[in-house]
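Given the coordinates of chain A, assemble chains B and C onto it according to the supplied hints.
Residue numbers (my numbering), protein chains in the order written: chain A, 1 to 270; chain B, 1001 to 1386; chain C, 2001 to 2288.
Calculated directly from the structure, the hints in this document are not laboratory data. For glycine and all other residues, C-beta sits at the position ideal for the given N, C-alpha and C. It cannot be assumed that every hint is accurate.
Which residues of chain C face chain B? A few of them, derived with a C-beta cut under 7 angstroms, are [to be verified]:
id: 1; residue: GLU2046
id: 2; residue: GLY2048
id: 3; residue: SER2063
id: 4; residue: ARG2064
id: 5; residue: ALA2067
id: 6; residue: SER2130
id: 7; residue: ARG2131
id: 8; residue: ASN2149
id: 9; residue: GLY2231
id: 10; residue: GLY2232
id: 11; residue: LYS2233
id: 12; residue: PHE2235
id: 13; residue: LEU2246
id: 14; residue: GLN2247
id: 15; residue: SER2248
id: 16; residue: ARG2249
This is what each chain is made of:
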Amino acid sequence: MRAFISAVYVFLYAPIALVVLFSFNAGRNASEFTGFSTMWYGKALGNTFLVAALQNSLIIALTSATLAAIFGTMAAIGMERLGTRTRAVLDGLFAAAIVVPGVVIGIATLVALVEVFSFLNPLLNAIWPGANPPQLGLGYGSIVAAHGLFSMALVTMIVKARIASLGRDIVEASSDLYATPLTTFRLVVLPQILPSVLAGFLLSFTFSFDDFIIAFFVAGSKTTLPIYVFASIRRGVTPEINAIATLVLVASLMMILIARILMREKKTTN
Amino acid sequence: MPKHYRENAPITAAQFMDELMRLKRGSVSRRHFLGVTGLGLASAVLAGQTGLLSSPAFAEDLGKQMSIATWPNYHDPATFEAFTAKTGVAVEVNVFGSNEEMLAKLQAGGTGWDLFVPTNYTISTYVKLGLIDPLDMSKLTNYSPATETARFTAEGTISGTTYAVPKNWGTTGIALNSKKIKTPVASWKDFFEVAQNEADTRTIVHDYQLTTIGSALVSLGYSFNSVKPDELAKAEALLVKVKPHLYAINSDYQPAMRAGDAWMTMCWTNDGAQLNRDVPEIKFVLGKDGGEIWSDFYAIPKSAANKPAGYALLNYLMDPANAVKEHIANGAPTTDSRVLSLLPKEITSNTIVYPPDGQLTPLEFGAAVTLTDPARAEVMARFKSA
Amino acid sequence: MALATNTKRRMVTASLVAPAVAWLFIFLVLPFIAMLVFSVGERAPEGGYQPAFTFAQFANLPSRAAAFWNTLFLAPVGAFICLIVAYPVAYYLAVKANPRYRLLLVSLVIVPFWTSLLVRTYAWMYLLGSRGIPNLLSMVGFDDVRILNTHGAVLLGIVYGYLPLMIMPIYVSLEKLDRRLLEASADLGAKPVSTFFSITLPLSLPGVMTGLSLVTILLLGEYLIPQLLGGGKVFFIGNALVDLFLQSRNWPFGSAIAVTLVISVVFVLLIAMRIAWKIAGTRQVDLV
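Chain A extracted, bound-state conformation (with noise of 0.2 angstroms):
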């Protein structure tokens, strides 16, 4: 059993040790070894359009949860208060929002936006008063848009079931003693919430963060990450890609570990 343990370990983490091997290569291709060098983070970090990637994959992932994560909220504590069948239709199109694949959501997304500015584009021309007339197109607010469609319906569900098993009890505990709906939601709902809110957010940005298929469509002129990564797959993956890849694991491995650290320190402090 541990053997079979430690080969599912090893197969997780082989790519991963092969990916951070070769942002030490030498040599331009992702593919021979050809000696240890850190030169490719210096040149990763230098780029300019593989460091906008990852600040436009940070600003849309940063965005997306933490909309999706207020609304998501919103939605889960509305719906509590919502009758039977509105609460099951919205449930339904939360369950949709989930369950239709990435690639439908970008290709829909992208079709029905591509038919939707073709029709307010020469309206807005049309009754612009000044020279330059805005126009809509793709970019930060259709990809921010997709993916807040998903995680919006992630935050929505988790918070869900954290309020489903808090029990009406303590909420009509705190009414029961005078104190407003609002106050009652700040001091007794929020506290026994925010845990599953955060887990909601990390979800969202991590998700987000991760997506090609869906920015891929909705994108427009707009690069990700993921959308960089797969085209220098195309033309050719220099050991950039791999450094860029290993400082995002790193940064994400020391969020992880401040995060315990705080939660541990929390405890003690309890």
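Using the frame of chain A, we list chains B and C on its own:
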């Protein structure tokens, strides 16, 4: 432009006169002249602009970055680095495996390309769909129509308006590893037969309807450009039969050929020249039963965000001094006699790059109809998903 | 007064769900309606879409039978192999592992998610290509092993990419398992194997079902793994779909396939829920 110009260092009297003459001839813009001679600095200071101190004199015109859509292994990376060093504009290179893919991207909008490389037969469609701009020839001072070969440039000009200028021409042939494949391959008929025998699971065809379907058609004795339903049906049957024997359907076949994963592939001149240069046992042959001859062009999408940079890069690439370096690196034959005269003997005598005329006779240029013909698109899609 | 509070309450509820509803409507319902409309349209002469009312696109679906078959076959098979590999790992983590290292080992399952799947899949392209594992195999006498660009490579990539997603739900369901049950079973003289089959496995089935349906559903829309490890030869529906939009520019047919894909996903989900209900004997099963 040498580096010291950008740093506003004084220039010699001779250089000054030279630049002045160029300005008079109209080959440089006034801004360029002012920037180069240092007068720009003076006038900028007078006008209260200090931004010029920190950046190249014309950088504000060109922006900081631009994007080009092109084909795999089609440029010398050093060219773009040199362009960036000269102008301060970083160049993002996007690579595509077919003209259909480029067209699909442009049709969906928002590509962000400032320059791209369409093939001869697609330009009329781009013009018809209003996806590319007529070129402002005054910005392409390095382009010289007089030294171009009409056969390869004609399709860039439509009813008197020039929409695209040539990058280079080439052919679509067969590259094969002569150490692994002993059966002689001299035609597309041979190609598809060997693919199912000696090169079983070692053959690559393009992810590109024109060449993949076209070569299958040629191997059956039909025209490369056929859109006749019965001929297409036979080509599809052949492709579907061959598919289980293929290594991949991919227009970027160089890595697999170099690694020895694949032994034979459909191949463009430039890839053939590069592969043969680095791995001598990889040979390049043209089908004696036919195939494609093509010329690739540079064009500027209507939707380009940074047209000034697109023009600047295009003009840079049209400079024979730069074009010749590109040629040496990527191995695609030039359409410009100025470039030809600068080439070393080992390239002009390389029969992969410049094959004898007789070998070109059976080849056909791609026809515009193949780009938009729904049947060809559907045959390709069915073949891939079969 | 009561009426006023009621109205106020409704206003609050409405404003709580309004952003989510608007988002769902604009970016889910509207695009899906657009897909439906497009799927009965025609390909424009130069590609794209032009309005029409025809079911020709749906009639053409059988031409992509191979892609549908690949997907409907490889997705469940891939999910099932994932399960076979994942279950022992989850079991070990939840039941056998030293509690001191448990959290570390569980985190190690999740960490791969922090490196881009694209980059990891690219690493597999190298490992499966002739310079990788086949090269090692030829040193020990297995010459000419071909892995890259085969169905096997795609399957391996699938198992690799989705393994953590399978391990986690099973681990969660096994971890919740009351260990006293296992002890009681052992005290009553049951062999470990029979304890496993009569207690552990049935109680972990909800996790198994969650993992299976999650992975299957995600696989139905997979594009990258077949694209990179299948050499453009092994086509999933996702690949056929991307191809129709990015090469053939046949938006109506692509839309028809997308609509069909969504219907297949819903169908798979319903079957999974049916099975889950049967297993759990209740309707309280959350699959997603």
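Now the hints, each set against the structure:
| no. | hint | in the structure |
| --- | --- | --- |
| 1 | GLU2046 | holds (5 angstroms) |
| 2 | GLY2048 | holds (6 angstroms) |
| 3 | SER2063 | holds (5 angstroms) |
| 4 | ARG2064 | holds (5 angstroms) |
| 5 | ALA2067 | holds (4 angstroms) |
| 6 | SER2130 | holds (5 angstroms) |
| 7 | ARG2131 | holds (6 angstroms) |
| 8 | ASN2149 | holds (5 angstroms) |
| 9 | GLY2231 | holds (3 angstroms) |
| 10 | GLY2232 | holds (4 angstroms) |
| 11 | LYS2233 | holds (6 angstroms) |
| 12 | PHE2235 | holds (4 angstroms) |
| 13 | LEU2246 | holds (5 angstroms) |
| 14 | GLN2247 | holds (5 angstroms) |
| 15 | SER2248 | holds (4 angstroms) |
| 16 | ARG2249 | holds (5 angstroms) |
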